[in-house]
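Chains as they are written, first to last, in my numbering: chain A, 1 to 285; chain B, 1001 to 1285.
These aren't lab readings, by the way, just hints derived from the structure by calculation.
Note that the coordinates shown come from a computational prediction; the quantities given were computed from them, not determined experimentally.
Glycine included, C-beta positions come from ideal geometry on N, C-alpha and C.
Heads up, some of the hints might be wrong.
[To be verified] Taking lysine-lysine pairs in the DSS-like style, the calculated list, with each CA pair at most 30 Å apart, reads:
1. Lys1005(B) / Lys38(A)
2. Lys5(A) / Lys1023(B)
3. Lys247(A) / Lys233(A)
4. Lys38(A) / Lys1185(B)
5. Lys38(A) / Lys1202(B)
6. Lys1023(B) / Lys247(A)
7. Lys1202(B) / Lys5(A)
8. Lys90(A) / Lys1005(B)
9. Lys1038(B) / Lys5(A)
10. Lys1185(B) / Lys1247(B)
11. Lys1108(B) / Lys38(A)
12. Lys1185(B) / Lys233(A)
13. Lys5(A) / Lys1233(B)
14. Lys1233(B) / Lys247(A)
15. Lys38(A) / Lys1038(B)
16. Lys1038(B) / Lys23(A)
17. Lys1038(B) / Lys247(A)
18. Lys5(A) / Lys1090(B)
19. Lys23(A) / Lys1005(B)
20. Lys1005(B) / Lys202(A)
21. Lys1202(B) / Lys23(A)
[Stated by the list, open to error] Just so you have them, the derived chain A footprint on chain B, three or more residues with Cβ under 8 Å:
22. 1014-1025
23. 1039-1048
24. 1057-1070
25. 1122-1131
26. 1203-1213
2 protein chains.
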Amino acid sequence: MDNHKITEDALSRLNNCDDPRLKEVMTSVITHLHGVVKEVEPTDEEWRQAIDFLTQVGHWCDDRRQEFILLSDTLGVTMLVDTVTQRKPKGVTESTVLGPFHVQGAPKLPFGTNISKDQTGEPTLVTGRVLSQNKLPIAGATVDVWQASAQGLYDVQEPERFPDMNLRAVFHTDKNGRFGFCTEKPASYPVPTDGPVGTMLKALGRHAWRPAHLHFMISAEQHISLTTHLFVKGDPYLESDAVQAVKDSLIVDFSLSHDNAEADQFRLPTPYYKVQEDFVLATAN
Amino acid sequence: MDNHKITEDALSRLNNCDDPRLKEVMTSVITHLHGVVKEVEPTDEEWRQAIDFLTQVGHWCDDRRQEFILLSDTLGVTMLVDTVTQRKPKGVTESTVLGPFHVQGAPKLPFGTNISKDQTGEPTLVTGRVLSQNKLPIAGATVDVWQASAQGLYDVQEPERFPDMNLRAVFHTDKNGRFGFCTEKPASYPVPTDGPVGTMLKALGRHAWRPAHLHFMISAEQHISLTTHLFVKGDPYLESDAVQAVKDSLIVDFSLSHDNAEADQFRLPTPYYKVQEDFVLATAN
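Take the sequences, apply the hints, and build the full model.
Given below as C-alpha cells:
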C-alpha cells in the first residue's frame, strides 16, 4: 500500500462518525499527522522517540502541573488558538494566554490596597479604567489580578513562604470604571524546565524565559470577559517570550514617579513605579 | 499579531538549534500543528479537550500498556511510518507493525513443535522457508513467532492461565531454509478499548477489531530483519483492520487438510489447517 492510500484509508474510517465537528477536527488532525510523517520520513527509532516524548509529557501532568499545556504554549499553539478564537472588534483590548498560575478565590480587596504581602520589591502603583466599546466607563466590573514577585515566582511556587495568597486580588471598578492597587514590580521568569518540555527547549537551543508581566482577567455584565497581560516595557524577553504571548498593544510603561502627594495617598515610598492602563471590553451579543 | 506571524515566529525559534535533523522534524511538526489550528479554529474549550485527551493517553501508559502507540496505530500513523521507512526491493516480503504483544526470550524449539500449550483451538500446521533476495534458502535464520489464541487473546492477557509463555517460540531454519511448527488457528480480536483510544474509536463510530494473524520477526546474518504478519484469508476484518496493518501480499490461505500421513508426522488430528509461506529477506548493504 502506498503513502497516499494509507492516508485515504485512515480518513475513510471517519465515515461513520455522526458528530460532524469531531469528523472535521479528526480529518484535519489525521491529514496533518500523516503530512509530518511523509515530510520527515521518520525512522522506527525516531517514531519511538516521539512516542516516548509524548508519554513523558503525559506522565509529568498532575493536579499542579500541566506539561501538555506547556508544550502547546512553547510551540506557539496556545497563542494561535487565542488568535483564531478571539477575533474582537477594533479598539477592544487584546487578549493573551491565561497561563497555569491563575487561582480561583483570590481575596476581594478595596481600591488602592497593596497586594504584596512582604513589600520587599520595587513599589508600583497600577491604576486604570474598565471601558465599554464606546469608551464609556463600566461600574462594578470585576478585575482579577495576579503576578509573579520581584523574584520571578508566583505564590504557589513558594507555598512555605506564602501559604495564603500573595500578589493576587479581585477588585471592582467604581462608578467611574476605575480600579487601582499597589504592588511590587514583577520580574521576568523561566517556564518550568525540569520536565520533558524543558529538555525539548534545551535541545532546540531555546531559552525558557517569559518577559515580566501582570495578569488580568476582567469581566462585566453584558460584556465579553477578557484574559490578558500587561508587559513591562524594556524587558529583555519581550521579543522572545518562550510562549509567544506578547502583543505590542499590551506593553506598558512602568514610569518612575516622585509624586509625594500620590505616594502618601497610597502609602508608598518615593520613588515608585506607576502604570496607567484602560481596558476596553467587547459588548456581548 | 496575525496567524501567519505566529507560525513564522514559532519557526524562527528553531534558528539556534544545532541538530539539523531535529530542526527539520520540529519545523514540520510546528507547521502541521499550526495548520490544524488554522483549519479547525478550535474554541478554547476544544483546545482544552485536546489537552485533556493527550493527558489521559499519557496517564494510561505504563510498562504493560502503551496507549500512545495504540493512538498512533489507530490513526494510521504507525503503518505510514512502516511504509516510508521500509522501502524494500521488489520480491522481498512486505513488513507490517510489530504491535504491543511481542515478548523477548520466547523458548527456542525444534522443527515441528506444537506451540499451543492446551491445544484446544483448531489445529494448524505452519511451514515455509526463509529465502534471500535471489531466492536461495537461508540456513540458520531466526524465526520468532507469536500469536493470539483461538479466543483472540495473547498469553500476556491471561497471565493466570498462561504464567509461562504460550503461542510463542523461536525456530531456526534448517539447511534448506525450512521452518515449521504446529499451533492453533488465531482468532480476530479487538485492540484494548478500556482507555482513551477506545473512547475515541467509539466517538468516531469505528470498530476496534483486528483480523486474525500470526506474527513473525525473521532475521539472518547479512540480511535486513523483517517484522511482519500472516493474515487469515477470509477474515471479516481484513478490509477494516483497526490499525490498518493488512497488506494484500500477507493474506494467506489456511486450507483444510485431511493428509493422515502428515497429520501423524506432526501428531495432529485430522482435519487440520495448513499454511505454507516463504519469507524473502532483503540483503543488508
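Hints, verified against the model:
1. Lys1005(B) / Lys38(A): holds (25 Å)
2. Lys5(A) / Lys1023(B): holds (28 Å)
3. Lys247(A) / Lys233(A): Holds, at about 12 Å.
4. Lys38(A) / Lys1185(B): Since the Cα atoms of Lys38(A) and Lys1185(B) sit roughly 36 Å apart, the hinted pair is violated (cutoff 30 Å).
5. Lys38(A) / Lys1202(B): Satisfied, since the Cα-Cα distance of roughly 27 Å is no more than 30 Å.
6. Lys1023(B) / Lys247(A): Holds, at roughly 26 Å.
7. Lys1202(B) / Lys5(A): holds (23 Å)
8. Lys90(A) / Lys1005(B): holds (19 Å)
9. Lys1038(B) / Lys5(A): holds (25 Å)
10. Lys1185(B) / Lys1247(B): holds (20 Å)
11. Lys1108(B) / Lys38(A): Violated, at about 39 Å.
12. Lys1185(B) / Lys233(A): Roughly 72 Å separates the two Cα atoms, so the pair is violated.
13. Lys5(A) / Lys1233(B): With Cα atoms ~21 Å apart, Lys5(A) and Lys1233(B) stay inside 30 Å; holds.
14. Lys1233(B) / Lys247(A): Judged against 30 Å, a Cα distance of about 60 Å means the pair is violated.
15. Lys38(A) / Lys1038(B): holds (20 Å)
16. Lys1038(B) / Lys23(A): Holds, at roughly 16 Å.
17. Lys1038(B) / Lys247(A): holds (19 Å)
18. Lys5(A) / Lys1090(B): Judged against 30 Å, a Cα distance of about 19 Å means the pair holds.
19. Lys23(A) / Lys1005(B): holds (28 Å)
20. Lys1005(B) / Lys202(A): Measuring from Cα to Cα gives roughly 23 Å; hence the hint holds.
21. Lys1202(B) / Lys23(A): holds (12 Å)
22. 1014-1025: holds (count 10)
23. 1039-1048: holds (count 8)
24. 1057-1070: This one holds; 7 residues, not fewer than the three required, reach chain A with a Cβ under 8 Å.
25. 1122-1131: violated (count 0)
26. 1203-1213: holds (count 4)
Violation of the numbered hints given earlier is confined to hints 4, 11, 12, 14 and 25; the remaining hints are satisfied by the structure.
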